[in-house]
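Colleague: All letters in the sequence shown, in the order written, are residues 173 to 474 by our numbering.
Worth double-checking, as some hints may not be accurate.
[To be verified] Label-pair distances were calculated between CB atoms; the ranges are: (1) 366 with 332: 25 to 33 angstroms; (2) 298 with 210: 45 to 53 angstroms; (3) 351 with 225: 18 to 26 angstroms.
Bear in mind the hints are in silico, worked out from the structure with no lab data behind them. Small disclaimer: the values here were computed from a predicted structure and weren't measured. Glycine residues also receive a C-beta, built at the ideal position from the N, C-alpha and C atoms.
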Amino acid sequence: MRPRTLLLPLVLAIGSIANVARADEPLSSKADSVSAQHFFQTGREAAARGDHETACRAFEESLRLEVAVGTLFNLAHCEEQLGRLASAWQHLQEGLDRLEPTDPRHAPARASAAALEARVPRLTVRLASTSTEAHVLRDGVELSSVSLGTPLPVNPGRHTIVVRASGRAEAKVDIDLAEGEKRTVDVAPGPVVAIPVAKAPKTLRTPMWISAGTAAVAVGAGLVTGGLAMGRASVVDDHCDDANVCDEAGRDALSAGKTFGTVSTVAFVTAGVAATAAVVLWVLGRDAKTSHEASSGALVRF
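Please model the entire structure based on the sequences and the hints provided.
Modeller: In structure tokens:
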């Protein structure tokens with residue numbers, strides 16, 4: 173395996189400039205210099221004992237608190253040790269761009285950047301021309317139309333490309349890249365997803381039959397109570413005179429007739445409402461069934 177020591181001369185040069193300090197002035201006006209220096213020193217100590225994961229985290233925190241060229245170069249060095257070549261090259265370039273031409277680190281930084289660039293893999297992702305509305309993501313980051321078709325530097329290892337488009341299944345491609353490898357990948361959305369236009373309508377048969385049954389019972393009750401009311405009317409005629417003066421039997425028949433008459437009226441009104449509801453439910457159920465049968469099997473395709 174190729175030893176990952178391209179940036180070691182640069183890091184040693186940084187250490188010789190300012191007693192292993194960050195070796196430059198801060199590049200941000202609002203910063204926490206004391207805390208940044210603490211994390212920088214923590215990173216240098218972790219790198220010295222070979223704990224590059226800890227070193228990278230410390231240098232990243234130092235940069236967050238205060239941007240400095242020396243920190244960028246040290247971060248690039250530990251990222252190189254972890255195989256994150258594209259990230260290392262990016263931070264090395266960023267530090268190089270910030271250096272003055274007369275800075276003694278300029279020459280080793282340029283040499284390290286050139287050697288490291290040759291080891292960085294390049295991945296070109298091309299989207300099928302018929303899929304202009306699709307979204308392409310590489311490792312969770314969306315690629316714009318400018319990025320698509322461009323050889324972009326990436327770290328060695330596995331990369332996941334996802335293509336998403338409305339009405340289509342998600343397409344996913346995994347790519348493994350070695351150091352210095354150049355790869356072009358053509359992608360497209362997945363197959364069309366068929367979506368039913370309409371679901372089967374919920375049946376209205378049960379409430380329709382309930383309404384119809386209620387109407388039938390109400391009609392029967394109305395007829396029975398109506399007949400009872402008519403029977404009481406004949407008793408009233410026999411036991412009441414023309415001035416509606418009635419004996420006890422007549423008065424009882426008159427009262428009962430009124431009650432049966434009221435119940436009969438309510439029953440017929442209920443029967444009418446229930447019958448109307450049954451007809452409405454029958455019409456709605458028939459229309460829904462017709463609509464579903466006309467559209468069943470029909471699919472929306474994007």
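Colleague: None of the hints should be skipped; say for each whether it holds.
Modeller: Status of the hints after comparison with the structure:
no.	hint	in the structure
1	366 with 332: 25 to 33 angstroms	holds, 27 angstroms
2	298 with 210: 45 to 53 angstroms	holds, 46 angstroms
3	351 with 225: 18 to 26 angstroms	holds, 20 angstroms
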